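The whole structure should be built from the sequences, with the hints applied where relevant.
As given, the protein sequences belong to chains A and B, one line each in that order. Using our numbering, you'd call the opening residue of the first sequence number 4 and step up by one each time. Using our numbering, you'd call the opening residue of the second sequence number 554 and step up by one each time.
Treat the hints as calculated values from the structure; they're not laboratory data. Heads up, a few of these hints could be off.
What the hints assert, rightly or not - Restricting the straight-line Cα-Cα distance to at most 27 Å, the calculated cross-link-like pairs of lysine-lysine (DSS-like) are:
#: 1; chain 1: A; residue 1: K194; chain 2: A; residue 2: K53
#: 2; chain 1: A; residue 1: K232; chain 2: B; residue 2: K613
#: 3; chain 1: B; residue 1: K681; chain 2: A; residue 2: K232
#: 4; chain 1: A; residue 1: K232; chain 2: B; residue 2: K684
#: 5; chain 1: B; residue 1: K726; chain 2: A; residue 2: K232
#: 6; chain 1: B; residue 1: K666; chain 2: B; residue 2: K754
#: 7; chain 1: B; residue 1: K703; chain 2: A; residue 2: K350
#: 8; chain 1: B; residue 1: K726; chain 2: B; residue 2: K631
#: 9; chain 1: A; residue 1: K232; chain 2: B; residue 2: K666
#: 10; chain 1: A; residue 1: K350; chain 2: A; residue 2: K232
#: 11; chain 1: B; residue 1: K678; chain 2: B; residue 2: K703
#: 12; chain 1: B; residue 1: K703; chain 2: A; residue 2: K232
#: 13; chain 1: B; residue 1: K678; chain 2: A; residue 2: K232
None of the values given here were measured: they were computed from a predicted structure.
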Amino acid sequence: MSRYRFLDGAGMIFLAVVLAMAALIPASNLLLPPDSWLHVPDHMVPLLGKYLAFAMLALALDLVWGYCGILSLGHGAFFALGGYAMGMYLMRQIGPRGVYGNPVLPDFMVFLNWTELPWFWLGFDHFWFALLMVVLVPGALAFCFGWLAFRSRVTGVYLSIITQALTFALMLAFFRNDMGFGGNNGLTDFKDILGFPVQAQGTRAALFALTAFALAGSYLLSRWVVTSKLGKVVVAIRDAESRSRFIGYRVEHYKLVVFTLSAMLAGIAGALYVPQVGIINPSEFAPANSIEAVIWVAVGGRGTLVGAALGAFLVNAGKTWFTGVLPSMWLFALGGLFVLTTLLLPKGVVGLITDLFGIRRKSELPAPTAPAAPAKAAPAE
Amino acid sequence: MAIGGLTTNALLYLDNVSVTFDGFRALNALSLSIDAQEMRAIIGPNGAGKTTMMDVITGKTRPNQGVAVFEASHDLTKLDEASIAELGIGRKFQTPTVFEMHTVEDNILLALKTDRRPFPTLFSKRTKAEKERIDALLERVRLTGSRDRKAGELSHGQKQWLEIGMLLAQEPKLLLVDEPAAGMTDQETADTADLLREIAKTASVVVVEHDMVFVRDLGVKVTCLHEGSVLAEGSLDAVSTNERVVEVYLGR
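So, in structure tokens, the structure goes:
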């Protein structure tokens, strides 16, 4: 058990970087004069905040894919649901400041000639209730979906396909105006969060710092889970599912726990994303988004947590740069990146780094003990 | 207690068990009884139903008809793999199946008989008793020196032994062992026979094996399966001189 320390070197570096970002980026943005070369420009703060939210989604995805072997191609759905829950709170905060000035109904409902708030919008004027829903709605969906899928022993590519279908179905549903979530425009025009104006630089800096703390917190939680005995069982299930079953582990229960936890983390990530980008619409459910998240994890290094977050950051930074220079080529670049990673870096960027350092570290270790068993058997096989 | 109107004192009792896959009868009215602390060798040609029989006993396959009872009170045809494992039935696969990414020690740790539910597992801490138990088991399967190595790095024979160690960690009452000697050297085969005989002092062991030398080495009662039912049963000498057995399995 000593081999699995709660925090390893990579984990401590990761936490230090994330916490340093939480402190330095808002400080630099708010305190330094705009002409200082250390000043982080205003537009960079929500952009970096968005990356951190994506890093959290990647972390959640790595928990199920990297450790439990469940390749979810629909994790964007949980992210978007968390985002919608936060968006509904932000809509209710607009109050009479909307275009139609209705104190209760959001603009799109007035536009659709609705006269009262649908029942599922009740309670979202309370921040605590919205926060609860941010976690509970994705969690409940993942629990029900996982209960049915894992109990029927749907695995591998079939499971990936139905997760993809799940997010696609939700996208189609949320596009409909009569669903009551703003149709294809989604929810936007947010005014304030907990009384602070969403657009204000101070609020954005605070949201950035919060996202960084949430990322650090989810990392600690995920790390605690994967280094626990449950984490070992989950890896055992990934590598030899039937062996785990015959040893007496109820595989479907373990998958369900990890899948639900992961969906909840994705929901929190979505909730932090929405106030920073200022909009949530059904395109967040697009299957391509979920697939992109899988690429972040693969690029960074599957089954490492740190790698997933790093991959999300790198790929999205690349995306921002690339779509600025050659917008039409981005999807080709993304596809090429995925192919190259699969072919050349099966363990991702983090795997590459540990391999580079590992060469030296390995030579310091004593050679593996000679095969000791069966002791009497002299000839090797 | 009786299930299906039968009373029995056997540890494992199969009666009239049939399994059909797409019209193919993998098991055909198979009846078998294993006593406590008995070791039994099961032989038979490919497709005789040996693996399907293990699947029925461990809950992987549901029989179309018949009775499978453990300890005269548990109906195995109604339980899932995890519950059957918890009753004390352990199973070793034909190809050694261990958790390759985990250390040898963790492989044993995961197999130790404890609460298997997710949340107790999440909060579980290894106790001193568990550590001692792991030490003893590693000693028994001669893997003490390899405890920190990844199981995937072990040799084939060591993996077979690790898997047996994992079965022992479950503290089973019945072990089902599928071709334990496959791919082993002669010496390893003899050692494995010793180990199984030792295990049989405290638990029942059912060994499926093709290697007749190994079966002779075990020196136990033999059951020969053919086309999903029992063809002959008795000492190896009696079975191997049985005309039908010679005809379908051993060859003339």
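- Does the structure keep B/K678 and B/K703 at a Cα separation of 27 Å or less? holds, 21 Å
- Message: Need the status of pair A/K232, B/K613: alpha-carbon distance at most 27 Å?
- Response: holds, 26 Å
- Message: B/K666 and B/K754 were given as a pair; does the straight-line alpha-carbon distance stay at or below 27 Å?
- Response: Roughly 19 Å separates the two Cα atoms, so the pair holds.
- Query: Straight-line Cα separation of A/K194 and A/K53 no greater than 27 Å?
  - Reply: holds, 19 Å
- Message: So if I understand the rule, the pair passes when the alpha-carbon distance is 27 Å or less; does B/K703 with A/K232 pass?
- Response: It holds: about 17 Å lies between the C-alpha atoms, which stays within 27 Å.
- Task: Assess, step by step, whether the Cα of B/K678 is no farther than 27 Å from the Cα of A/K232, and give holds or violated.
- Result: holds, 8 Å
- For the pair we were handed, A/K232 and B/K666, check the Cα-Cα distance against 27 Å. holds, 14 Å
- Would you check the hint for B/K726 and A/K232, treating anything up to 27 Å between C-alpha atoms as holding? holds, 25 Å
- Message: Hinted pair, alpha-carbon criterion (27 Å max): A/K232, B/K684. Please report holds or violated.
- Response: With a Cα-Cα distance of about 14 Å, the restraint between A/K232 and B/K684 holds, given a limit of 27 Å.
- Message: Given the hinted pair A/K350 and A/K232, is their Cα-Cα distance within 27 Å?
- Response: holds, 24 Å
- When you check the alpha-carbon spacing of B/K681 and A/K232, does it fall within 27 Å? Holds, at roughly 16 Å.
- Query: Has the given pair, B/K726 with B/K631, been kept, meaning a C-alpha gap of at most 27 Å?
  - Reply: holds, 19 Å
In summary, the structure agrees with every hint in the numbered list given earlier.
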